[in-house]
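Given the sequences, and given the hints that come with them, work out the whole structure.
Quick note, the sequences are listed as chains A and B, same order.
For the first sequence, position 31 (counting from the first letter as 1) is numbered 34 according to this note's numbering, and the numbering increases by one without interruption.
For the second sequence, position 122 (counting from the first letter as 1) is numbered 125 according to this note's numbering, and the numbering increases by one without interruption.
By construction, these hints were calculated from the structure, which means they are not laboratory data.
Any given hint could turn out to be false.
In this list, chains with the same sequence are indistinguishable; a pair is considered to hold if it fits within one copy or across any two.
With a cut-off of at most 30 Å between alpha-carbon atoms, the simulated DSBU-like pairs for lysine-lysine come out as follows [stated by the list, open to error]: (1) Lys123 x Lys154; (2) Lys70 x Lys151; (3) Lys44 x Lys70; (4) Lys51 x Lys7; (5) Lys7 x Lys44; (6) Lys75 x Lys123; (7) Lys154 x Lys29; (8) Lys95 x Lys7.
Note that the structure is a prediction, hence the values are computed from the model and not measured.
The lines below spell out each chain.
There are 2 protein chains.
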Amino acid sequence: MKQKTLESLFHDGLRDIYYAERKILKALTQLGRGAESEEAKSAFQTHKEETEGQIARLEQIFEMMDKRPRGKTCPAIDGIIEEGEEILEEFKGGPALDAGLIAAAQAVEHYEIARYGTLKRWATVLGMNDAAQLLDETLKEEYATDEKLTKLADDDANRHAVAAE
Amino acid sequence: MKQKTLESLFHDGLRDIYYAERKILKALTQLGRGAESEEAKSAFQTHKEETEGQIARLEQIFEMMDKRPRGKTCPAIDGIIEEGEEILEEFKGGPALDAGLIAAAQAVEHYEIARYGTLKRWATVLGMNDAAQLLDETLKEEYATDEKLTKLADDDANRHAVAAE
Chain A
4 MKQKTLESLF
14 HDGLRDIYYA
24 ERKILKALTQ
34 LGRGAESEEA
44 KSAFQTHKEE
54 TEGQIARLEQ
64 IFEMMDKRPR
74 GKTCPAIDGI
84 IEEGEEILEE
94 FKGGPALDAG
104 LIAAAQAVEH
114 YEIARYGTLK
124 RWATVLGMND
134 AAQLLDETLK
144 EEYATDEKLT
154 KLADDDANRH
164 AVAAE
Chain B
4 MKQKTLESLF
14 HDGLRDIYYA
24 ERKILKALTQ
34 LGRGAESEEA
44 KSAFQTHKEE
54 TEGQIARLEQ
64 IFEMMDKRPR
74 GKTCPAIDGI
84 IEEGEEILEE
94 FKGGPALDAG
104 LIAAAQAVEH
114 YEIARYGTLK
124 RWATVLGMND
134 AAQLLDETLK
144 EEYATDEKLT
154 KLADDDANRH
164 AVAAE
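Next comes the structure, spelled out in structure tokens:
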């Protein structure tokens, strides 16, 4: 059996997040359709467009490694998205729907922040500086999206939910 | 049907993270046993002790709400932990094991950061200031643990993994 090195860990991680990003792309479409306010709809739409760019960056990294871009089932993102779908179903039509959907999206963001942070550090240690640079660009976008969602929750969705009670 | 308000969203979220924390407690025992280096073992052990305190804080909040502490299955944490177990199995005996386990633990941390951040903001909007204070204490611990794990990866596990290749 081939020894499992940091390079194989990096490749596995890349496949994990590649699968995750494509699931996230679909989930963001659902969130955008389900959200009540225009602000939330638009935030999910913007992040969807960003996600397309993030997938393209991952494909560039696979290419740098001479690997075919291929996902690997990621039970973590499946579970995180499942919880978002539950909220969509249970809170539909109620005042707290957008607050719940924003929370679901932030759980997705933090999954990505954890994974991209790790992958970037592994790429650096492996001397793959171009890959590290691409991963860092995505990481910065994820942090910015998370902050934007916090602001949207604070300024709008949470107050709306509580005012309706 | 009772309308689903921000308070019910908060209560559901509390039950979700209560379930998650108890699963994390078991997972940290596994990670601590599986890790190769003393530094990683000790980091997982410390976080295990912290997790016990975090569970106690959640129980205090249930009590403030006159609710019995009860978990709610959280597919997200189940998936995140499943990925950690895969790494433990696949990378056992190899040089990249600890790097992989630290990454798994950081995915757990970020799930907690997302959830505690949201719950803290909901508690504030709901006027539950004592609960918000407790959630903030846990949130700060999660951020500190995540930073500690990044440092452990950078200083030790990732270099060890790559030096062995």
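Evaluation of the provided hints:
1. In this assembly of identical chains, lysine 123 and lysine 154 lie within 30 Å of each other by CA distance both inside one copy and across copies; the values are 27 Å within and 14 Å between.
2. Proximity of lysine 70 and lysine 151 under a CA criterion of 30 Å is satisfied in neither setting, with 34 Å inside one chain copy and 33 Å between copies.
3. In the homo-oligomer, the alpha carbons of lysine 44 and lysine 70 never lie at most 30 Å apart, since the shortest distance is 36 Å inside one protomer and 34 Å across protomers.
4. In this homomeric assembly, lysine 51 and lysine 7 come within 30 Å of each other (Cα to Cα) only across copies, at 28 Å, whereas the closest approach inside a single copy is 34 Å.
5. For a Cα distance limit of 30 Å, the shortest separation of lysine 7 from lysine 44 across copies, 20 Å, qualifies, whereas the shortest one inside one copy, 43 Å, does not.
6. Taking the shortest Cα distances, lysine 75 and lysine 123 sit within 30 Å of each other inside one copy (19 Å), while across copies they are farther apart (34 Å).
7. In this assembly of identical chains, lysine 154 and lysine 29 lie within 30 Å of each other by CA distance solely inside one copy; the values are 24 Å within and 34 Å between copies.
8. Proximity of lysine 95 to lysine 7 under the C-alpha cut-off of 30 Å is restricted to the inter-copy arrangement: shortest distance 9 Å between copies versus 46 Å within a copy.
Hint violations for this structure: numbers 2, 3, all remaining hints satisfied.
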